[in-house]
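**Q** Take a look at the letters that make up each chain.
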Amino acid sequence: MADPLITLTTDFGNGSPYVAAVKGVILALNPDVRIIDLGHDIPAQDLRQAAVFLAATLPYYPPQALHVVVVDPGVGAQRSILYAEVAYLRLLVPDNGCWTWLLEGERRRIRVIRLAEKRFWRSRVSATFHGRDIFAPVAANLSLGLDPRELGPVVSDWVRLERPIPQHHPNSVTGEVLFVDRFGNLITNIPGSALTRDDRPKQVRIAGVEVTCIVRTYSDAEPGTLLALVSSSEWLEVAVNRGDAARQLNANIGTPVTIEYEPQA
Amino acid sequence: MADPLITLTTDFGNGSPYVAAVKGVILALNPDVRIIDLGHDIPAQDLRQAAVFLAATLPYYPPQALHVVVVDPGVGAQRSILYAEVAYLRLLVPDNGCWTWLLEGERRRIRVIRLAEKRFWRSRVSATFHGRDIFAPVAANLSLGLDPRELGPVVSDWVRLERPIPQHHPNSVTGEVLFVDRFGNLITNIPGSALTRDDRPKQVRIAGVEVTCIVRTYSDAEPGTLLALVSSSEWLEVAVNRGDAARQLNANIGTPVTIEYEPQA
Amino acid sequence: MADPLITLTTDFGNGSPYVAAVKGVILALNPDVRIIDLGHDIPAQDLRQAAVFLAATLPYYPPQALHVVVVDPGVGAQRSILYAEVAYLRLLVPDNGCWTWLLEGERRRIRVIRLAEKRFWRSRVSATFHGRDIFAPVAANLSLGLDPRELGPVVSDWVRLERPIPQHHPNSVTGEVLFVDRFGNLITNIPGSALTRDDRPKQVRIAGVEVTCIVRTYSDAEPGTLLALVSSSEWLEVAVNRGDAARQLNANIGTPVTIEYEPQA
Chain A
13 MADPLITLTT DFGNGSPYVA AVKGVILALN PDVRIIDLGH DIPAQDLRQA AVFLAATLPY
73 YPPQALHVVV VDPGVGAQRS ILYAEVAYLR LLVPDNGCWT WLLEGERRRI RVIRLAEKRF
133 WRSRVSATFH GRDIFAPVAA NLSLGLDPRE LGPVVSDWVR LERPIPQHHP NSVTGEVLFV
193 DRFGNLITNI PGSALTRDDR PKQVRIAGVE VTCIVRTYSD AEPGTLLALV SSSEWLEVAV
253 NRGDAARQLN ANIGTPVTIE YEPQA
Chain B
13 MADPLITLTT DFGNGSPYVA AVKGVILALN PDVRIIDLGH DIPAQDLRQA AVFLAATLPY
73 YPPQALHVVV VDPGVGAQRS ILYAEVAYLR LLVPDNGCWT WLLEGERRRI RVIRLAEKRF
133 WRSRVSATFH GRDIFAPVAA NLSLGLDPRE LGPVVSDWVR LERPIPQHHP NSVTGEVLFV
193 DRFGNLITNI PGSALTRDDR PKQVRIAGVE VTCIVRTYSD AEPGTLLALV SSSEWLEVAV
253 NRGDAARQLN ANIGTPVTIE YEPQA
Chain C
13 MADPLITLTT DFGNGSPYVA AVKGVILALN PDVRIIDLGH DIPAQDLRQA AVFLAATLPY
73 YPPQALHVVV VDPGVGAQRS ILYAEVAYLR LLVPDNGCWT WLLEGERRRI RVIRLAEKRF
133 WRSRVSATFH GRDIFAPVAA NLSLGLDPRE LGPVVSDWVR LERPIPQHHP NSVTGEVLFV
193 DRFGNLITNI PGSALTRDDR PKQVRIAGVE VTCIVRTYSD AEPGTLLALV SSSEWLEVAV
253 NRGDAARQLN ANIGTPVTIE YEPQA
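Residue numbers (our numbering), protein chains in the order written: chain A, 13 to 277; chain B, 13 to 277; chain C, 13 to 277.
No lab work stands behind these hints, which were simulated from the structure alone. Please read all numbers here as calculations on a predicted model, not as lab measurements. Check the hints yourself; a few may be wrong.
To be verified - Here chain C is said to cover these stretches of chain A; the calculated rule only asks that three of the stretch's residues, wherever they fall, bring their Cβ under 8 Å from a Cβ of chain C: (1) 43–52; (2) 87–95; (3) 134–142.
Unchecked claim - Covered stretches of chain B, going by a simulated chain C footprint (3 or more residues, C-beta under 8 Å): (4) 41–52; (5) 65–76; (6) 191–197; (7) 229–235; (8) 238–244.
Each residue gets a CB set at the ideal place from its N, CA and C atoms; glycine is no exception.
Pulled out of the complex, with its shape left as it was, chain A reads as follows:
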């Protein structure tokens, strides 16, 4: 059987000693585990960006993986830490909602346990670094075969993070930029299907600009052209072929975006 996998997603920053300490604690308890860095550059304490990241990545992972997520502005306070199963996904997360977008469309295959049994934690728990002192040792114990029910009580309530919902109007859909990738592509919360419905002519409006070039992939347009397309996760995306739409439009996370349909006769 394959060695167990633990993935790490944090806002500690790439190359942070905090990431290195978490890995050390895990490996000290289970030297056989394989640790996969998912991403450590989630914007600091940004739960929504964490949610975007997790929704775009975790569904691709196999059930062997245990996903440790430490984006945790409430560390040391009353917030709980949860072990959560969502279908075949298994996570360790702070109870701040950053993981709850994964619940969408999933009703029955959910189990959530609140970490309460301190015997699986480091003997001394700092008030500001539960990643090292609680998440890491619990993850290592789970990777060694610990039954999650040992960790604490099953709970049925947890903090939920609202996903910003696009507004549908008769002749338009309005949403916002949810994520800006490294290329300056603007990924929105408007479903790609709103762009590809071919019954009505349309354009995209963002940052005071009209985007009329609607394509399948970047290079379908001339270099430098502002364009709209369906993102790889099936959202409306605004981009510039071989360019940087975020910079060109001075747009960012939260910038409003509208698809305008030609009024029907």
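We have chain A already, so just place chains B and C on it with the hints.
**A** Relative to chain A, chains B and C alone:
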């Protein structure tokens, strides 16, 4: 036998969800594979920087490794994806030339296959993320022992990326900065041998400055001294001991560099 | 038995081809080794930041790990490279002192060997990249079971890096910021115990500002509040709940910090 190795080189950015998704797809198909991050900070869509990176790193890897390279400005368009063997190196690359500097000096041990068999791809291939939908599943399948001939037809033609060639003159060699490392060291495309030939006095000219301090290693010069030396990959390098030559000279990739030899009597 | 572990800590920069080359050399010699990236963003050539990083991370790792540290401004010159054992920790380090804070409190379980046997190095050693040409092959050989005594002579003298010591006065302790994390938290060299002694009222002074809010964790204060607390490594830390203390105070590494106690009657 050792678990198979897959290395990843992309321009997605460190901590990008795109990198994390690629890893997930690979691990879902082959949980035993070990994934090695080579680098994800190749400048966006910069084929030449990708070529510099690959030439400076892949030759050190063992034959077990399969090198997945996703610097792919033409994603979704007509460009092909290639499986390439160059001597003992095995790669999955977009057909944009970024890998072709590895062919230098190698004539016979080359095999290139164009990915055509969609049964090894994800069932749904997005137009903008072939890293996740084609490269990753094909890499995983190869790591599981798939014969590369199953992937598609052998091809004998592919896009080549020109390597900028230095100009040799009777009393000088002119090239350019090809790479700037994290320390601000300027690595050029002039062979180190042009610096170490000891038959003629010489100096290096870059960004309007004459570099007369020619040394073996940085600390052979006083701190702060602008110096020229042979880089670890045997190119002419301009550096500042305990300083940052790029900043000090306001030099960057593409800045011209000349070695001037004293005219012979 | 678990596969051997090699950790890498460098100042090469995340995504540097130098890191990728080091990994390749190691894997070519021992494809079974697991490589753990600790951090590659140590500020360039900054021995003190390397020391802070190592002290905050290595103690969490298991004895299986061999820690390779390449922060090496003296590369290629007369400085030695050391294999060091400190209690159960095993390191390969340049002899520049960056590892010596790990020796604190440890008197007997120390063994240091100076690398001298070139047969364990790459056959061609560049003057500027010992990470690839000496550290990597020696680490791989050790991971294959090489007896460290084969590497060279035991030595009893090495470069030490001074740790900045806080100054204790009758009514105050003065230190400095030693590390700034990704959140802008300022971690100092003043022991946390100087903050938590509850016999005397106190305040913290930094960058011309008085910090009177002394708490256990960030969220014990209102968002935006400047606060002092004990860091996860038990040092005095100055932070802002959900904010960035470094930016707010314009403070950085080296900024002086004082705990002032109310004079006793």
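**Q** Are at least 3 residues of the stretch 41–52 of chain B within less than 8 Å of chain C when you compare beta carbons?
**A** Held - the stretch 41–52 of chain B has 6 residues with a Cβ nearer than 8 Å to chain C, which meets the minimum of three.
**Q** With a C-beta cutoff of 8 Å, work out whether three or more residues of the stretch 43–52 of chain A approach chain C closely enough for the coverage to hold.
**A** holds (count 5)
**Q** Under a C-beta cut-off of less than 8 Å, do 3 or more residues of the stretch 134–142 of chain A approach chain C closely enough to confirm the stated coverage?
**A** Coverage by chain C holds for the stretch 134–142 of chain A (4 residues, Cβ < 8 Å).
**Q** If you look at each residue in the stretch 229–235 of chain B, do at least three have a Cβ nearer than 8 Å to any Cβ of chain C?
**A** The restraint on the stretch 229–235 of chain B holds, since 4 of its residues have a Cβ under 8 Å from chain C and three suffice.
**Q** Counting residues of the stretch 87–95 of chain A with a beta carbon closer than 8 Å to any beta carbon of chain C, are there 3 or more?
**A** holds (count 3)
**Q** Between the stretch 191–197 of chain B and chain C, see if three or more residues pass the 8 Å beta-carbon test, and mark the coverage as holds or violated.
**A** Since three or more residues must qualify, the claim that chain C covers the stretch 191–197 of chain B holds, with 4 doing so at under 8 Å.
**Q** Taking a Cβ-to-Cβ distance below 8 Å as contact, does the stretch 65–76 of chain B have at least three residues touching chain C?
**A** With 9 residues in contact (Cβ-Cβ under 8 Å with chain C), the coverage given for the stretch 65–76 of chain B holds.
**Q** Given that the stretch 238–244 of chain B was listed as covered by chain C, double-check it with a C-beta distance under 8 Å for 3 or more residues.
**A** That given contact holds, which follows from 4 residues of the stretch 238–244 of chain B lying within Cβ reach (below 8 Å) of chain C.
Hint check: no violations occur; every hint is consistent with the structure.
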